[in-house]
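Asks: Each chain, written out:
There are 6 protein chains.
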Amino acid sequence: MRLSTRNQLTGTVADITIGSVMAIVKVDLDGGQQVTASITKDAVEELQLSVGQKVTALVKSTEVMLGVE
Amino acid sequence: MRLSTRNQLTGTVADITIGSVMAIVKVDLDGGQQVTASITKDAVEELQLSVGQKVTALVKSTEVMLGVE
Amino acid sequence: MRLSTRNQLTGTVADITIGSVMAIVKVDLDGGQQVTASITKDAVEELQLSVGQKVTALVKSTEVMLGVE
Amino acid sequence: MRLSTRNQLTGTVADITIGSVMAIVKVDLDGGQQVTASITKDAVEELQLSVGQKVTALVKSTEVMLGVE
Amino acid sequence: MRLSTRNQLTGTVADITIGSVMAIVKVDLDGGQQVTASITKDAVEELQLSVGQKVTALVKSTEVMLGVE
Amino acid sequence: MRLSTRNQLTGTVADITIGSVMAIVKVDLDGGQQVTASITKDAVEELQLSVGQKVTALVKSTEVMLGVE
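Chains as they are written, first to last, in the working numbering: chain A, 812 to 880; chain B, 812 to 880; chain C, 812 to 880; chain D, 812 to 880; chain E, 812 to 880; chain F, 812 to 880.
Keep in mind the hints are simulated off the structure, nothing from the lab. Treat the hints loosely; a few may be bogus.
Copies of the same chain look alike in the list, so a pair counts if it works inside one copy or between any two.
Claimed, not checked - Below 27 Å or equal to it, Euclidean Cα-Cα: the simulated DSSO-like pairs (lysine-lysine) are:
hint: 1; residue 1: K837; residue 2: K865
hint: 2; residue 1: K865; residue 2: K852
hint: 3; residue 1: K837; residue 2: K852
In this text the structure is predicted, and so the values were computed from the model without any measurement.
Okay, chain A solo, but in the shape it has when bound:
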């Protein structure tokens, strides 16, 4: 499926913390920065996410803010 979602950043799962209904997944982006995702525990289980796995982090462009020094 091709997506309208502008931001599709490739990386590797670095850490997974499972909560009661939500989970925090950290992804080391290819190229060197890190992204944190707050997704449902159900999604982590359905995707069978594990540390070291290749994933794509997706973000709709309307969710991106910019900061300048």
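Chains B, C, D, E and F: place on chain A using the hints.
Replies: The following block gives chains B, C, D, E and F in isolation, referenced to the frame of chain A:
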């Protein structure tokens, strides 16, 4: 100001397209991937964004989805 | 690609309005309700969206609110 | 109150899972698809949500993405 | 309709700028701060928004970030 | 860092509830209304948030909806 926002990715403005009230800004992330932000035209003008400028792309962790092949 | 995104609703494009940098796409869901998406004009063009096309509307669960009478 | 929110989908609560501070609510849409909402535990309690209850799932149009095969 | 949406801030429309498909509405909150909303042009027209009108600005709690000096 | 984020509301932390991976923080806005933020537990700890602390609540304009009676 220190922010709760988990994702703060550094990069350089690659392209700016100004619309009627919104604008699309593309940022080349340090390390090699690209992020697109849909922000208000007002914000582009207030921050005086220009191509080549160093910026930080910010995304709340609740806005990040993950995909696996 | 399998997605963490909990909501993947199938439907048919009913209407597309292209703005300066954003676009509004209305999707008739299979089963009878309608969803409106505000996405970038670039996405509409890249996906070559057209009225009558089968699409999936995706929404992260953290974006869904509930109302009761 | 009339809302700017473009997407107001009617349905019935199918499942509620309460976490520590967040909750996951599944809603069977009228017409046959399902939506999952991640909302606060406080909201579930204030609205006194229960399985079988009629609800409206609300989503801002800027939160909807589209996918095509 | 009672909403799960945690943030419902009352105020008065201070300014409306209509774009091609989106619109920017500024709301002076009761108590003295200001909120800006990027909503669809369709929503502005359907709600017949006008400067001076009493409105409620709604924000899902998962969309709120915090900053500290 | 100056931000594209249109909404930066000042206030004081009124309440913090820590969950398993998420947390709920209530902020009394200067001027008298209240905002609730669902942020990660990690963010609460990193910012060392405490009741009575001065904070800024940030919301991207694309996340704000409007309601009228």
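Asks: Confirm or reject each hint.
Replies: Hint-by-hint comparison with the structure:
When the C-alpha separation of K837 and K865 is checked against a cutoff of 27 Å, the pair qualifies both within a copy, at 12 Å, and between copies, at 24 Å. Taking the shortest Cα distances, K865 and K852 sit within 27 Å of each other both inside one copy (18 Å) and across copies (26 Å). Taking identical chains as interchangeable, the C-alpha atoms of K837 and K852 lie at most 27 Å apart whether they share a chain (14 Å) or sit on different chains (14 Å).
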